[in-house]
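So the protein lines, in turn, are chains A and B.
Heads up: the first sequence at position 425 corresponds to 425 in the numbering used here, and the numbers run straight through without jumps.
Take any residue in the second sequence, note its place counting from 1, add 575, and you have its number in the numbering used here.
Watch out, some of these pointers could steer you wrong.
Away from chain A, derived, C-beta distances all over 10 angstroms, residues of chain B [said to hold, decoys possible]:
#1 703
#2 715
#3 720
Here are the simulated lysine-lysine pairs, PhoX-like style, with alpha carbons at most 20 angstroms apart [unchecked claim]:
#4 170(A) <-> 185(A)
#5 511(A) <-> 521(A)
#6 544(A) <-> 515(A)
#7 504(A) <-> 405(A)
#8 638(B) <-> 322(A)
#9 287(A) <-> 273(A)
#10 702(B) <-> 745(B)
#11 743(B) <-> 632(B)
#12 256(A) <-> 340(A)
#13 92(A) <-> 47(A)
#14 47(A) <-> 734(B)
#15 734(B) <-> 702(B)
#16 273(A) <-> 632(B)
#17 562(A) <-> 742(B)
#18 743(B) <-> 92(A)
#19 565(A) <-> 638(B)
#20 734(B) <-> 632(B)
#21 445(A) <-> 461(A)
#22 710(B) <-> 673(B)
#23 503(A) <-> 445(A)
#24 562(A) <-> 702(B)
Derived coverage of chain A by chain B (criterion: at least 3 residues anywhere in the stretch with Cβ under 8 angstroms from a Cβ of chain B; other residues may be distant) [what the hints assert, rightly or not]:
#25 1-12
#26 68-76
#27 262-273
#28 382-396
#29 541-553
#30 557-566
No wet-lab data here; the hints were simulated from the structure.
Note that the coordinates shown come from a computational prediction; the quantities given were computed from them, not determined experimentally.
Backbone N, C-alpha and C fix where the C-beta goes; we use that ideal spot for every residue, glycine too.
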Amino acid sequence: MSSNYQQLKTNAIEKWDNLLSSKPWVRVGGGVSGQAAGAEDIFDEIKKSDLIDQLDFNVSLVGSLGLMYLEPIVDITTPDGLRIFYSNVSSKSILQIIEKHLNSDTPIFDKSAFAYTGDSPAVKNINLPEFYSLDIMKLQKRLVTKNFGNIDPSDIDQYIANGGYEALDKAVNLNTPEEIVNQVKNSGLRGRGGAAFPTGVKWSFLAPAQSDSKYVLCNCEEGDPGAFNDKGILESDPNTLIEGLIINGYATNSTKGYVFIRHGHEHPINATKSAISQAYERGLLGKNILGSEFSFDMEVAFTGDSYVAGEETALMEAIEGKRSTPRFKPPFPAASGLWKKPTNINNVKTLSYVPSIITNGSDWFKNVGTESTSGTALVCLSGHINRPGLYEVEMGMTINDVIYKIGGGGLNNQKIKVLQAGGPLNGLLGKPAFETRIDFDEMTKAGASIGSGGIIVGNDKTDVVDLLRNLIAFNQFESCGKCFPCRLGNTHMLEILDRMCEKKAEPKDLKLIEKIGNSMKVGSLCGHGQLGYNPISSAMRYFKEDIDDCLDGNYELSGPYKDGKMLRPTRTRPD
Amino acid sequence: MFVNIVSYGLHYLKFLKKNKSKTTNNMSIRELIKEAISSQEQSTVTVLSSLLAIEDKLHYIPKEAIEETAEVCNVSINDVWSVASFYTNFRFTPPGEKILDICWGPSCHLLGSQAVMHSAIENLELKEEGESKDKKFTLRYNTCLGACAQGPCIAINHKVIGFQNPKKIKKIINELRGK
């Protein structure tokens, strides 16, 4: 441990211990899902009340625990070490909850309390389950999400006190770049952005490249509807990613890193920006990081609203300030990328595993997950599901276990008919596929991908064709327009799906849609066109009957439609 | 003839006044734009980053912004237009006072966002996304607001609110209109 890091850590731990032991600490689970559930109103309500002075406690807006069905979640930690979680709190009830909890010698828990952690004499009398032995926590394996909801993302010291930046110190002061690349290679870490390329191999392409400036980029475009794990990492624990990106920079001898986020997502943007500036203040970024020879800069880059900007070469175009359309490959980014310099691009999740791999060793990581895919998967459950949220599970868990054991099954005990996994460019899954294990190769065989990690659940009343139309409408709207098979193909496919929903389809439409889909596959530069037919082809596999029903022109679409027409944006903006 | 000269003179004065106010308006808009471009925090300043900074400040991209960006970034006006017209978040006329985003992504779709959208356009007296007649609202359909677990979601001036239904959104619109 270098003396620079030693000092940072000592200070951080002192601050952390003081925070926990001096006063009660109220943590409000925020993030964008917390905001949607009303957490920020609750935080404001606490901030402006007189209770803070009366009862003398600290209050922080932390990230989301991931248990979004219980949000807004507020938890209170008292100096005796006891931490009580309250669920579905409202801005009306919060002050009363805090007052009852803190304003007497023996705390009185509100009925919304659902779990506790910590060891305190009071624990014996608590009639609540232990937080980490709740099924929903026990079934998870939290590597990347371990700090979620526990630390304040706007305070880098809380991250350092919990073991943060130890891996960076170890890397830059004890290891050569080659050793780091080898460790990542041996760990079996594969890219979490969708393509599942081995991360260490990717790094080894960039490391030997000679240039005065080399870039490492982190992709947090995450335009996939139904996925919120990348943004979740940035808003709940941005330092994990920043540490991973600095290590990536060190291992590949790069000079600068960019974190690439879609403009307008204020939570992840603000958290990342403040984490970067705090890292500069503490000598974790900039010249001679932690007393070593290594210097590295980092900043946040933005894109406007464009889904294709998440493609690696389109992303570089966007950072250069142009239209985010994909480039022709080769040359590959490791040879000529951002501003024609050697470049590496990694997903947020991929980089967030790196610090724990360096700290615990590659063998440790290799033992988590399955043989072909080490590590964990971050899944976002939404739609008709009992417990929507962001969960981290070990690779190899079956989809059934994820949706029934963790997700709690269909909303209000409805039967589950369809899953949409991995974003709108990936497939729909029917019942036979629910036995699939979550693993890159097996998911691909089943016709989907874990890629973005989103799993959208549809109940037995879900109209598959209507869902398909929604997905294709998204793909059509977001096509960048560079390759005509994608631009026109998506438009034609959408027209056919519109016909199906408007009682105008004919049996020959099925052949036509297949022909279009296959042309898109071979004729497009990037995944947007190549994979654009996936939703339909997988629906043909699992829901053939539903599609056939629509082809005779008598199909009655359920839902609030007028003549089967769907409200959706068009490429022509209102002006 | 004298009358003619006087009336012409008066017209000319009016014309000057009108155009003066227009130029000062233009000046102030240009100054705002220049300020937005020059006060960007990050070191990498590009066409896109400048346009985003302008949008943050003015909530739309006026013609002057295209010109200023072209000058600062040393590219042609066409280059700037190509970027500005590509990203769907840019707009070229001022939006309404409140920007109402409704998510139509698949999660929210399954949970009933179409009904929410129908209720919104009905209550705003619109046929599709756009500005309401009283210019108080701009309605946009958004592909994903990132809070899928709390769907159907809407956002008012980028603040996300979850668990919507046709009645709730009607209430929200009426409350905002009342203020």
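Verification of the supplied hints:
For residue 703(B), the shortest C-beta to C-beta distance to chain A comes to about 7 angstroms, within the 10 angstroms cut-off, and the non-interface label is violated. With a least beta-carbon separation of about 7 angstroms from chain A, residue 715(B) fails to lie farther than 10 angstroms from that chain, contradicting its non-interface assignment. For residue 720(B), the condition that its CB be more than 10 angstroms from all CB atoms of chain A is violated, with the nearest at approximately 7 angstroms. For the hint pairing residue 170(A) with residue 185(A), the CA-to-CA distance comes to about 17 angstroms; that is within 20 angstroms, so the pair holds.
Restraint check: the Cα-Cα separation between residue 511(A) and residue 521(A) comes to about 16 angstroms, which is no more than 20 angstroms; the hinted pair holds. Under the criterion of a C-alpha separation no larger than 20 angstroms, the hint pairing residue 544(A) with residue 515(A) is consistent with the structure, at around 17 angstroms. A threshold of 20 angstroms between alpha carbons decides the hint, and for residue 504(A) with residue 405(A) the separation of about 42 angstroms lies outside it, so the pair is violated. The suggested pairing of residue 638(B) with residue 322(A) holds, with an alpha-carbon distance near 18 angstroms, which does not exceed 20 angstroms.
Proximity of residue 287(A) to residue 273(A) is assessed by CA-CA distance (about 19 angstroms); at most 20 angstroms being required, the pair is judged to hold. Restraint check for residue 702(B) and residue 745(B): satisfied, since their Cα atoms lie roughly 16 angstroms apart, inside the 20 angstroms limit. Of the supplied pair hints, the one linking residue 743(B) and residue 632(B) is violated, its CA atoms being roughly 30 angstroms apart against a limit of 20 angstroms. Taking the CA atoms of residue 256(A) and residue 340(A), the gap is near 14 angstroms; set against the 20 angstroms cutoff, the hint holds.
At roughly 14 angstroms between alpha-carbon atoms, residue 92(A) and residue 47(A) fall within 20 angstroms of each other, so this suggested pair holds. Distance hint between residue 47(A) and residue 734(B) is fulfilled; the C-alpha atoms sit about 19 angstroms from each other, no more than 20 angstroms. About 24 angstroms separates the Cα atoms of residue 734(B) and residue 702(B), which puts this hinted pair outside 20 angstroms; it is violated. This hinted pair checks out: residue 273(A) and residue 632(B) have alpha carbons roughly 19 angstroms apart, not beyond 20 angstroms.
For a cut-off of 20 angstroms, the pair hint linking residue 562(A) to residue 742(B) stands: about 19 angstroms separates their Cα positions. Annotation: proposed proximity of residue 743(B) to residue 92(A) holds, straight-line Cα distance about 19 angstroms (limit 20 angstroms). Straight-line distance between C-alpha atoms of residue 565(A) and residue 638(B) comes to about 35 angstroms, which puts the hinted pair past the 20 angstroms bound. About 17 angstroms separates the Cα atoms of residue 734(B) and residue 632(B), which keeps this hinted pair within 20 angstroms; it holds.
About 27 angstroms separates the Cα atoms of residue 445(A) and residue 461(A), which puts this hinted pair outside 20 angstroms; it is violated. The hinted pair formed by residue 710(B) and residue 673(B) meets the criterion: a straight-line CA distance of about 9 angstroms does not exceed 20 angstroms. Using a Cα cut-off of 20 angstroms, the hinted pair residue 503(A) and residue 445(A) is violated, with the two alpha carbons roughly 33 angstroms apart. Proximity of residue 562(A) to residue 702(B) is assessed by CA-CA distance (about 12 angstroms); at most 20 angstroms being required, the pair is judged to hold.
As drawn, the segment 1-12 of chain A meets chain B at 0 residues by the rule of a beta-carbon pair under 8 angstroms; below three, the given contact is violated. With 3 residues bearing a CB less than 8 angstroms from a CB of chain B, the segment 68-76 of chain A meets the requirement of three and the coverage assertion stands. Counting residues of the segment 262-273 of chain A whose CB falls under 8 angstroms from any CB of chain B gives 5; the rule of at least 3 is met. Figure legend: the segment 382-396 of chain A, annotated as covered by chain B; annotation consistent (6 residues with Cβ-Cβ distances under 8 angstroms, at least 3 required).
Restraint check on the segment 541-553 of chain A versus chain B: 0 residues with Cβ-Cβ distances below 8 angstroms, three needed, restraint violated. Residues of the segment 557-566 of chain A lying with their CB closer than 8 angstroms to a CB of chain B number 4, which satisfies the three-residue condition for coverage.
Checked against the numbered hints listed earlier, the structure breaks hints 1, 2, 3, 7, 11, 15, 19, 21, 23, 25, 29; every other hint is satisfied.
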